[in-house]
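Trainee: Given only the sequences and the hints, what does the whole structure look like? Please build it.
Residue numbering for the sequence shown follows this note's numbering, starting at -1 and increasing by one per position.
It is worth saying that the hints were derived from the structure and are not from the lab. In this text, all values refer to a predicted model and were calculated from it rather than measured experimentally. Note that CB positions come from ideal geometry on N, CA and C, so glycine has one too. Some hints here could point you the wrong way.
Pairwise CB distance ranges (calculated) [as the list claims (entries may be wrong)]: (1) 200 to 326: 49 to 55 angstroms; (2) 289 to 138: 44 to 50 angstroms; (3) 96 to 123: 21 to 27 angstroms; (4) 273 to 155: 36 to 42 angstroms; (5) 18 to 99: 39 to 45 angstroms; (6) 122 to 204: 36 to 42 angstroms.
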Amino acid sequence: PLRAISPAGDNVHAFEYDSTAWLQLKTEYRAIGLRMPCCEADAIPKTSRRGTAFFAHARKGDCTTAPESDEHLYCKYIVAKAVQLAGWRAITECNGQTPEGEEWIADVHCEKGASRIALEIQMSQQTDEEMQYRQERYRKAGVRGAWFLSSAIRREPIAHNRDVPAFRLAPVSLDRTPELLDFQVPLDEFVVGMLTRRLKWVVLERNQPVHIECMKDTCWACKKAVLQVYGHITNIEIGEAPPERWIERYYTEASMSADLEAVLEEVTNDQLKAVGLNTIMKRRLVRGKQTHWPYCNQCVHCGAPQDNHFVGERLRAAEADIDSGDLLGLVPINRMIQLPGRWVFDPRTEDTAEG
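Mentor: Printed below as a string of structure tokens:
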């Protein structure tokens, strides 16, 4: 709708005309012989009720191209103008194909040097699987893709995804420039920012402690005092009271091995050793037999494995004896965890950051 083809095969874009030039084209188009890119039918320049310039079929005929809503046409017009403002070449309703021959049509195809980006305005229902499929077609063709989705079809926030950038449009009204709902930035400014490296993918980290459950004990081999590790808690901050245990723990060889394996998923042996705790080892044989429960404490002093059977007995006794409460405790270990990445738009950032 925003593009026609001249007799010489050149693209004629409606968004490249000012109001005066568009009125003149309306009087001259019959002599020029403009054609629609979808089916080569004669093209007529028109103006929507919002004032958006576009091309229409002189006769629809057998063309199977689906009609676009005024809102879709309006957003596409704004995006194409913004692409030009950012210094890129914009081609609307641009068709292409993957090396395997899969065809695609981009609402607005952006080109600058060797870079190519397809910008899609999605006003109708589309599953995430379909969007992923269409994005994969672009990737195979060497084209990056980004999506603008109507909030009427995506009311909930969109999960941030670097591979499939997708952003929600606030309800589109034809009397004002649409905004990005989750960024509160006008659509045209957002598109310019995308193409001038002001939209960035940011991966954040935060310090989150894990509390290691431990028991005061003595190594059977070297007779030195040790802190036997038997579990961990991640849902409390330093200084907070630990949650009460509502489920009785039996400290079997199987459960202790599983709990120690889970500890190693949160912290390293170097971190355990740094705060005076036993490390955790994995051994193939226990009491001369192959085991399915290989994880156990390893003495921080002499390296001797601490048998889960006997450590479990002492843990059960310690929990049952109200006078031995000081034997059990929590040792916090600070670690940096990576949070899910997200898109950040900074209108004040110059063209210096990695896009």
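Trainee: All hints are to be evaluated individually against the structure, with a verdict given for each.
Mentor: These are the hints, each one checked on the structure:
| no. | hint | result |
| --- | --- | --- |
| 1 | 200 to 326: 49 to 55 angstroms | violated (41 angstroms) |
| 2 | 289 to 138: 44 to 50 angstroms | holds (48 angstroms) |
| 3 | 96 to 123: 21 to 27 angstroms | holds (25 angstroms) |
| 4 | 273 to 155: 36 to 42 angstroms | holds (39 angstroms) |
| 5 | 18 to 99: 39 to 45 angstroms | holds (43 angstroms) |
| 6 | 122 to 204: 36 to 42 angstroms | holds (39 angstroms) |
The earlier numbered hint that this structure contradicts is number 1, and it is the only one.
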